[in-house]
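With chain A fixed as given, assemble chains B, C, D, E and F onto it according to the hints.
First to last, the sequence lines map onto chains A, B, C, D, E and F.
Per the numbering used here, the very first residue in the first sequence carries number 1; after that it's consecutive.
Per the numbering used here, the very first residue in the second sequence carries number 1; after that it's consecutive.
Per the numbering used here, the very first residue in the third sequence carries number 1; after that it's consecutive.
Per the numbering used here, the very first residue in the fourth sequence carries number 1; after that it's consecutive.
Per the numbering used here, the very first residue in the fifth sequence carries number 1; after that it's consecutive.
Per the numbering used here, the very first residue in the sixth sequence carries number 1; after that it's consecutive.
Calculated directly from the structure, the hints in this document are not laboratory data.
Identical chains share a label here; the pair holds if one copy fits it or two copies do between them.
In silico DSS-like cross-links for lysine-lysine, where the CA-CA straight-line distance does not exceed 27 Å: (1) K219 / K199; (2) K219 / K183; (3) K219 / K49; (4) K183 / K49; (5) K199 / K49; (6) K69 / K199.
Protein chains: 6
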Amino acid sequence: MTTNPTSPPDAPAPTAAGPLLVVSAHAGDFVWRAGGAIALTAAAGRPAKVVCLSFGERGESARAWREGKSLDEIKALRRSEAENAAAALGADVEFLDAGDYPLLETPQLVDRLVRIHREVEPAVVLTHTLADPYNGDHPAAARMAIQARILAQAIGYDAPGAPLGAPPVFHFEPHQPEQCDFKPDTLLDITSVWERKRKAMECLPAQEHMWDYYTDLAKRRGVQLRRNAGPNLGLPHDCRAEAFVRLYPQTTGVLA
Amino acid sequence: MTTNPTSPPDAPAPTAAGPLLVVSAHAGDFVWRAGGAIALTAAAGRPAKVVCLSFGERGESARAWREGKSLDEIKALRRSEAENAAAALGADVEFLDAGDYPLLETPQLVDRLVRIHREVEPAVVLTHTLADPYNGDHPAAARMAIQARILAQAIGYDAPGAPLGAPPVFHFEPHQPEQCDFKPDTLLDITSVWERKRKAMECLPAQEHMWDYYTDLAKRRGVQLRRNAGPNLGLPHDCRAEAFVRLYPQTTGVLA
Amino acid sequence: MTTNPTSPPDAPAPTAAGPLLVVSAHAGDFVWRAGGAIALTAAAGRPAKVVCLSFGERGESARAWREGKSLDEIKALRRSEAENAAAALGADVEFLDAGDYPLLETPQLVDRLVRIHREVEPAVVLTHTLADPYNGDHPAAARMAIQARILAQAIGYDAPGAPLGAPPVFHFEPHQPEQCDFKPDTLLDITSVWERKRKAMECLPAQEHMWDYYTDLAKRRGVQLRRNAGPNLGLPHDCRAEAFVRLYPQTTGVLA
Amino acid sequence: MTTNPTSPPDAPAPTAAGPLLVVSAHAGDFVWRAGGAIALTAAAGRPAKVVCLSFGERGESARAWREGKSLDEIKALRRSEAENAAAALGADVEFLDAGDYPLLETPQLVDRLVRIHREVEPAVVLTHTLADPYNGDHPAAARMAIQARILAQAIGYDAPGAPLGAPPVFHFEPHQPEQCDFKPDTLLDITSVWERKRKAMECLPAQEHMWDYYTDLAKRRGVQLRRNAGPNLGLPHDCRAEAFVRLYPQTTGVLA
Amino acid sequence: MTTNPTSPPDAPAPTAAGPLLVVSAHAGDFVWRAGGAIALTAAAGRPAKVVCLSFGERGESARAWREGKSLDEIKALRRSEAENAAAALGADVEFLDAGDYPLLETPQLVDRLVRIHREVEPAVVLTHTLADPYNGDHPAAARMAIQARILAQAIGYDAPGAPLGAPPVFHFEPHQPEQCDFKPDTLLDITSVWERKRKAMECLPAQEHMWDYYTDLAKRRGVQLRRNAGPNLGLPHDCRAEAFVRLYPQTTGVLA
Amino acid sequence: MTTNPTSPPDAPAPTAAGPLLVVSAHAGDFVWRAGGAIALTAAAGRPAKVVCLSFGERGESARAWREGKSLDEIKALRRSEAENAAAALGADVEFLDAGDYPLLETPQLVDRLVRIHREVEPAVVLTHTLADPYNGDHPAAARMAIQARILAQAIGYDAPGAPLGAPPVFHFEPHQPEQCDFKPDTLLDITSVWERKRKAMECLPAQEHMWDYYTDLAKRRGVQLRRNAGPNLGLPHDCRAEAFVRLYPQTTGVLA
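With the rest of the complex left out, here is chain A:
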């Protein structure tokens, strides 16, 4: 990877040295909302793992239902698409098949997520926002992901593996950000992996109208990246970005 364009020339890029874990309610969410972050991780040679709590088979597959497909066909279709997209990004994907619309919070599902945290030992966790008045599954997924990350830290929690450290958690961008109280505090430069994200989006043909929508969003967040980047002369005019909100304070050795 060449010099990171959001940092000044003489600054080595900060690096999260461990794996990335993405907890997503439905197959597909991780592509639109965090595909760039995933691709950056993979490009840096770090493992990226995506957990889809459901296939989005009921709530996010309108076209397939209109075409008269069965529930099983739809789940198979979404699984296949998501696997292709994950491969395009360089990530592993696991499906918990917990059902959607509604995705129900259960201690069992949280326990599954704890075990995955202990196994993956993520350096960074990504998930949905805690508020989303348009979709109850997204906050449910976020609550379970955060709870699992907390539980995985406790030595007394009865699951294989060592207690987790305290990886930062980022919320990725919801479809209507302002309505979800999503005020970005982190703009991630994904210019260098943009083509990879676009290809991953194109693995989801049923949502073709989203390809351009999320391309436009990446440009828009790219404009904001330039506006907020200190010495922004190094950024290309047509950079692309993804927006995130931290759950916990950033810890750092330097203000920048």
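Coordinates of chains B, C, D, E and F only, in the frame set by chain A:
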């Protein structure tokens, strides 16, 4: 500088490659609230400049008034102390002598600050919070600092120097953080420069009771640093930190 | 219906052309908090349906308990009163008898509400606020109502009827509005149906002390209606209003 | 004008029967942020008046400065462009030439705005948001516009004309909405006047990169319009919208 | 005064042993919004002082303007009414005649208020809210009152008298509380002085329509007082209350 | 008890005349966060009861797990320590043994808490904050405590004892207050019982590093107590305090 303890072993520390500018209402504020950030900057060989809008001669010099000193004596005393503290931290300090209690916002004072921004070309700006129900000068200083940073970016603003980039702005910690809506989003590891900050505090003998108060605070924020740092095994048990709040979103090439 | 007094003379009133659905935790809530909105709907010839999740038999029937009535007697009494009030307003009412104090959220109850949404096909949905530190049943009802409305939109949700459109959802006014973070963004002119609301309130004799309380509130919100209405000369001096908060943004063809 | 697509078939569109007043800090702001609302007003045969407090000569004319133009040339250029854009939208425009970067709040400028309110007698007022960490002129304009609207209501305020009614005030969308705490509560369907807004944008050649940016934004807000519109089958797939936030509660005769 | 009904039988009432200072933008504000608090103070034998920054001659005297009175007549009228109301409550009143609509913030006016604070040595300060989208004078008065209280604490502030302690500041209730982000955290039992407040209101004949409005409000806040009072059996059914919001945390020797 | 130093000399201390009930997620929480409030209650001769929903056996006993103790040993150890600490404070303690990490909300557990409320008849209730991104058990405990207090008020709730009054509820301080949106509105002077709190902390030897941490916190809150206390001359320089946030408005007979 050795490896930054808040990052994993194989991660180079992020670096803000340019100067630091601190805009503070009174002499003394920069020591208690941002002394660690200043010392880290100086230790990295980068310039650090402190602007004190006033000496804190009326509002923050109670002991001197009780001792019967005159206004001029108090200003001289506060100047001298602040110069010593800045020197201990490795920073330059400039006094605008704009008066305190109240510190009045004026276009002239903002213009002074614009010119200083154009001259210093800061990579990072630090100032007070925008809310402080205990002290009207602090928000006044913050409003002027932010306005000046914005104006300095405009090529059409009539002042010497080139238009400024978009340096990040951080609010440093007020005395009663919760009452000022100060919810830290950035915890800065100042362990390596702690002794320097302590020495700078000791340059302010009239406020000796604050030395231990801010030492305790640094420990407390240090405990939080450890709690929020991902792979925190590298952090010493007795680390010290300062807390900040960003005004603008962070721009980055990697989530960490 | 004659000219709507909150609009200027040459403006036809906006009309929500479909049914109204009100989801209320206890029998009685819909009268005090949304009786005007319901009566306006009925007066415009549109269907209005009220769903009471419980009778309020434990938590809102203190007088009956003090009089020594049995649980079944109280439920019958509350049902009868609420039916009378609904009839006075021109609405249908259905009781789900899910129990109160506490009203427990269950997937089964949400499913019932989804089916009702699909059946009623509401153009507008009214329910409680999401926060109420004095009453846990109110937020529970609101959460289930909102979740049901979302689920009813999904073609893949297995329930009879077509997927729902996206009817706006309004929260009606809680008893202590400020404590429930209820900041009205919609003031509804109910002057023309005020007598009907008063009559409906009088169908609830056990809460006679509330009649004047909610009459005063209607006046107070009426004063605010006049204060916020653009060309308010058309409004009578003694107008009555109900206050609401939207969950989703208003969509409109004209700013007014 | 044909039936408004955001309302159901049998609903006449709500109409704000009086003039529109737009108070904008710089020439240009009104085009990007409220061009659709202005064009809708004009298309309905109602007067639309734009007040530009400054030309944006210092803060929003970077290209002209880089080309070496003088201050007077820049002001003339911006005036001419804004006049063309206003004409394309069907609005009158007035320039107060109060200076920008910074735009200073003065009682005199507020008084000018009071007189304009009394003269125009707006049914609706549009202005900037009260928060904008990237631009101090925008909130300054908003504060003055709101103060002027309040003062114009007072019979005792010494200015020609009758006391104003209480026109609703809407904040239009800032460049980085989330950072300005802009949570849209009103989505305005501007599909029918979209071409007119695009033409007006093209009157501002120095900011050509904004044409597509704001076209994308209109599409994005259009998608949200469809998502939030009740019976949205009537909306075209490619509708366009502008987002606004109300300062005061909506007053209405019907919930919709 | 007999036992305070909001405390349990064996609890002596808490007492603020010093004077009360009320800073109000217009003549009249103190009656509607804080008349009960003032009367309670006077009834306890403590001094109560009201400072009216203006007479409300332009913004709150619509009837007099419609009757064709001159500015001087209106000011004299408002002064006389306010003096009568203050006398009915048992308070002193001082008029600074700083003008209203707009009430302009000036260092001179703040200095006047500092001197008054030093002179009165209040144990409690009451003023407006910091937000009021309907009235710019109210927040201006609040900002000046708070700034003056802070400045009066500084020994270095050049004004007669000793530095002030740290009296608690309460915001009194605005006309449209929710729109002013007024979430009451303190409900004051004014039952015992209710008749005195009513008499004071009746000293303001031009606003006769407000008498019942604020009587209803006192009842409504009284209902809330009962709802929130621990052992509320001691409270009369028809108690009256005023609502307030603290600016600073309460300091106490016992949780209650 | 001598004169309460946070009140003026001639003011009797306010007194909450009934029992105190503390609902805490884990054994230990009540010591660090509310030990002073408990000791003050006991010192005033009022009953204080602590309910620990769990022993904190999994989430708050890291050292014991590292030492290889069994689950039963850890529970016995935590019970014993908490009993000692409660005794040192003068409180009764009851353990519900509901499990931790996660503490699951159940109707059965809420019912237990309702019965305890009816039995204890608390004049004041203390519990955790509703937000805590570091610990899911704390908000779960708070939600159950608040729900139980509400249910216990209903005469129709089927549990022994009379309906509860409306005791005030205070949230005690979480470990990272700002991250839990904990903005203290009540500072309790615990100077007179400080030694007792310190002794109680020392009953928890496994968390020895917390002794000084919470001693420092008590000093820090003590400094804030002095800063916010009206006539603070009566307060000792080295006073100690605990911070709380009210859930409901304070009801009072006097502003102070």
